[in-house]
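Peer 1: Heads up: the protein sequence lines correspond to chains A and B, in order. Numbering follows our numbering, with no gaps: position 135 of the first sequence is 135. Residues are numbered in our numbering as their position in the second sequence, beginning at 1, plus a constant of 1000.
Calculated from the structure, these hints are not laboratory results. There could be a bad hint or two in this list.
Sample of chain B residues at the chain A side, in silico, Cβ under 8 Å [said to hold, decoys possible]:
1) V1011
2) I1018
3) Q1019
4) H1022
5) S1042
6) L1045
7) I1048
8) L1106
9) G1111
10) P1113
11) L1115
12) T1140
Glycine residues also receive a C-beta, built at the ideal position from the N, C-alpha and C atoms.
The lines below spell out each chain.
Protein chains: 2
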Amino acid sequence: MKKWRRSARLVDMTRLLIQEPHKLIPLGTFAERYGTAKSSISEDLDIIHGVLGEQGVGVLETVAGAAGGVRFIPRVGRERTEGVMRELCDRLADPDRILPGGYLYLSDILGDPVLLREIGLIWATLFAGERIDAVVTVETKGIPLAYATATQLNTPVAIIRRDSRVTEGSVVTINAVSGSSRLIRTFSLARRSLKEGSRVLIVDDFMKAGGTVRGMVDLLAEFRAEVIGVCVMVESPARERLVEDYVSLATVDNIDLKSRKIAVSFGNLFTKGVEFQ
Amino acid sequence: MKKWRRSARLVDMTRLLIQEPHKLIPLGTFAERYGTAKSSISEDLDIIHGVLGEQGVGVLETVAGAAGGVRFIPRVGRERTEGVMRELCDRLADPDRILPGGYLYLSDILGDPVLLREIGLIWATLFAGERIDAVVTVETKGIPLAYATATQLNTPVAIIRRDSRVTEGSVVTINAVSGSSRLIRTFSLARRSLKEGSRVLIVDDFMKAGGTVRGMVDLLAEFRAEVIGVCVMVESPARERLVEDYVSLATVDNIDLKSRKIAVSFGNLFTKGVEFQ
C-alpha cells in the first residue's frame, strides 16, 4: 500500500472533513486510508484545526472513545455574517423587485446557491451547539433555505405541504389562519417524514405576522416535536406578531410604491444576544 | 503580514477551492492571501490537483491570462456512481414505500442531504464539459435535486410553479397534459427567473411517460432556452414516452401490491454511452 506524504494527506483530509460537515470520521479510518500511525493523523488534524480556527470558518471536534473520531463543525464569524446581511439588504433594496400589490420578488435570491450556502452557514452556526434532528420548512420558497441549512448541519429535511398529496402517504393536516391576510390555509406533513419527539429547526424565507410559522409550530406539536429555533431570511413589520422567538437576517421596513423606494435594514440577529467568535 | 507555511496553505486552498465548485479564483488572490510567490502557489496547486485526481473526485482547471485563475471541477468516478445507484435502488426496493394506489414514498430520499449531494455530483459530472446557465425544475420534489446539482455547477436555479403566484411577478404559463393520467396541468415560470437563450439542465425526481418534463421543455421554449440535458432520479416504464433524451439513476420496473414487492433496476445512465474517468 502506498504511503501518503503529509502534504497529500492534508489535502485529502481537509476535503473529506469539509465536504460532510458534522459527520464523525473515526481516526482509524484515516490511519488505514493513509497507511500512517494515528499519532501522525493527530498531528495532521492539529494543523487543519489550526488553519480553520484562524480563518474563523469552523473547528474540528474530537470525540474520544471507541465510537469516537473527528468531525468538522462549520462556523461563520460575526464579520462575515454582517457581510452576508449587508449583501442581502442591498439586493432587497433594488426597486426592480417591487411587484404589483407591493409584493417583493425574491426568487433570484432564493435561486443563488452561493448566497444560500452562506445563509445556511449562518443558521447552522447559531444552532451548532444544539442537537437538531431535522430542518423543517413549508413549500415552496423555504425549501432551498432548508436544504442549505440541513447540508451544514448534516440533518434531514421535512417539507410541510400546502395541500395533501397522494405521494406522501398518511399525513397530519391542520388549518392555519394567515396573520396578515386572515386567509385559512392548510398545512400537512407526512407522518413518516418526522419521528415523534424530534428536535427541529424551522426555516422560512419571509415572515410578516408569522401566521405561516405559527401554523408550522402548531403542526409540529402534533408530532410532539420540539422547536429549537425559527430562522427567517426576511421579516417585515406587523401590527401583531404570532411568533416572538425567531432570528431574521433582513427587515423590509417599508415599500413606497409611488417613489419605488424600499427601506431595508438588518434583521434582529445581532439584537438577539447571539454570540459570534 | 504573516507568511503561511505550505501545510497551512494546502489546507486553506483546498477548503476555498472545494467549497465553491466552478468558481474561478485568480492566482494573485492566493499569492496575496499567503504572502507567497506565485511559483509556490503553482506548486501547491499541483499537489492539490494530484491528490484530487488520484482520488477521482475532481480536477483543478487553470485558466490562463489576465482574467485567469484556477477552479475546482468536481467529478465522480464510475465506481462511486454505481455505488450511489445501488444505494438508491436498495432504498427504493423497501416495501414500506408502497402507498395506497401503488405510489411510492420518496420524501425520505429527497430529504437526505448526503444522498442528494452525491446525486448532484453525478449530474454535475455528466455535464461538466457543457456551459450550463441554470438548473430548472418543477415544484416541489425536484427542488432539492435541482439545488444539489446547481451547487456543484455553481449556477442559479429556476423553479417552475404549478400555479402562478402573485410573488413571482410577470410569468409565462402553459398548459401541459400529463402523459400517464391525461390530466391537464399548468406550468408557469417567472419571466425574470431565466434569461432568454439560457442553456439549461432540467432536473426532476420521477418520470413515467415524461409529461412533466415535456411540459418543462415546452415552457422553456418560450424563453428560447436550450435544453442541454434532462436528469431524472427515478423512472418507471411507460407505453409511450414523450421524452427520449434523458438520463436516469434508477428504474422502478414493477410494484406488486399483493406481494408488496418492488422490482428496481439501474436507470439508463450507463447505457447512454456516458464516459467516466
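Peer 1: Each hint: holds or not?
Peer 2: Here's how the hints hold up against the structure:
Of the supplied interface hints, the one on B:V1011 holds, with its beta-carbon coming within about 4 Å of a beta-carbon of chain A, less than 8 Å. Residue-level restraint check for B:I1018 holds (minimum Cβ-Cβ distance to chain A is 6 Å; threshold 8 Å). With 8 Å as the threshold, the beta carbon of B:Q1019 comes within range of chain A, its nearest partner Cβ sitting at about 7 Å, so the hint holds. Here the hint on B:H1022 is broken, as its CB sits about 10 Å from the closest CB of chain A, past 8 Å.
Annotation: B:S1042 was flagged as interfacial toward chain A, and the flag is violated, the nearest CB pair being 14 Å apart, outside 8 Å. The restraint placing B:L1045 at the interface with chain A is violated, with a minimum CB-CB distance near 11 Å, outside the 8 Å limit. Look at B:I1048: its Cβ gets to within about 5 Å of chain A, closer than 8 Å, so that hint holds up. Evaluation of the B:L1106 hint against chain A yields a held restraint, the C-beta minimum of about 7 Å falling below 8 Å.
A hinted interface residue such as B:G1111 counts as satisfied when its beta carbon comes closer than 8 Å to some beta carbon of chain A; here the least separation is about 4 Å, so the hint holds. At its closest, the beta carbon of B:P1113 sits 5 Å from a beta carbon of chain A; the interface hint therefore holds under the 8 Å criterion. The beta carbon of B:L1115 comes no nearer than 10 Å to any beta carbon in chain A, farther than 8 Å, and the hint placing it at the interface is violated. At a threshold of 8 Å, the smallest CB-CB gap from B:T1140 to chain A is about 5 Å, leaving the interface hint in force.
Hints 4, 5, 6, 11 from the earlier list are contradicted by this structure; the remaining hints agree with it.
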